[in-house]
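Count the sequence shown with my numbering and you get residues 31 to 144, in order.
Treat the hints as calculated values from the structure; they're not laboratory data.
Careful: at least some of the hints might be erroneous.
Here are the simulated lysine to any residue pairs, SDA-like style, with alpha carbons at most 20 angstroms apart [unchecked claim]:
1) Lys-45 with His-74
2) Lys-46 with Asp-99
3) Lys-46 with Glu-107
4) Lys-45 with Pro-100
5) Lys-45 with Asp-87
6) Lys-45 with Leu-117
7) Lys-46 with Asp-115
8) Lys-45 with Thr-35
9) Lys-46 with Pro-127
10) Lys-46 with Glu-85
11) Lys-45 with Thr-95
12) Lys-120 with Asp-87
13) Lys-45 with Asp-101
14) Lys-46 with Asp-80
15) Lys-45 with Phe-79
16) Lys-120 with Gly-49
17) Lys-46 with Arg-88
18) Lys-45 with Ala-82
19) Lys-46 with Phe-79
20) Lys-46 with Pro-100
21) Lys-120 with Arg-88
22) Lys-46 with Gly-93
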Amino acid sequence: MINITVSPRAADELKKALGTAEPEQTVNGVRVMVQSACGCGTAHFAMGFDDAQPEDDRIDLGGVTLLIDPDSAPYLENAEVDYSDDLMQKGFRINAPQSSGGGGCGCGGHGHSH
């Protein structure tokens, strides 16, 4: 099982988002995944409503379930999902120590949270 932390604010916002999904959507979770990975080890993440697959790790947040596929799991180990609503950013943020790769590849993701 993957070790991932979800802040109380992020958990509340995920529950709100799932509650506002289209009525015809019958999703049972929120997928956290690697959207792209650079050769240097930096990963860029995405989140979205999805149905669980048999191979997924599932993290129950009491009303919403995070779904993590096996390919994304190594990049998300010890990550934190947070939510901010300030002048600089509004939305979910994934801080993942496993995706802070080397450098020099030009991907622009080094030293930043994704």
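Each hint tested on the structure:
1. Lys-45 with His-74: Judged against 20 angstroms, a Cα distance of about 23 angstroms means the pair is violated.
2. Lys-46 with Asp-99: 23 angstroms, violated
3. Lys-46 with Glu-107: 25 angstroms, violated
4. Lys-45 with Pro-100: Violated. Lys-45 to Pro-100 sits at ~24 angstroms, over the 20 angstroms cutoff.
5. Lys-45 with Asp-87: 19 angstroms, holds
6. Lys-45 with Leu-117: 23 angstroms, violated
7. Lys-46 with Asp-115: Between Lys-46 and Asp-115 the Cα gap is close to 15 angstroms, so the pair holds against 20 angstroms.
8. Lys-45 with Thr-35: Distance ~16 angstroms between Lys-45 and Thr-35 Cα, so the pair holds.
9. Lys-46 with Pro-127: 27 angstroms, violated
10. Lys-46 with Glu-85: Violated, because 26 angstroms separates the two Cα atoms, which is more than 20 angstroms.
11. Lys-45 with Thr-95: It holds: about 9 angstroms lies between the C-alpha atoms, which stays within 20 angstroms.
12. Lys-120 with Asp-87: 27 angstroms, violated
13. Lys-45 with Asp-101: Outside the cut-off at roughly 25 angstroms; violated.
14. Lys-46 with Asp-80: 16 angstroms, holds
15. Lys-45 with Phe-79: 11 angstroms, holds
16. Lys-120 with Gly-49: 19 angstroms, holds
17. Lys-46 with Arg-88: 19 angstroms, holds
18. Lys-45 with Ala-82: The hint holds at about 17 angstroms.
19. Lys-46 with Phe-79: 12 angstroms, holds
20. Lys-46 with Pro-100: Violated, at about 27 angstroms.
21. Lys-120 with Arg-88: Violated, because 26 angstroms separates the two Cα atoms, which is more than 20 angstroms.
22. Lys-46 with Gly-93: Since the Cα atoms of Lys-46 and Gly-93 sit roughly 10 angstroms apart, the hinted pair holds (cutoff 20 angstroms).
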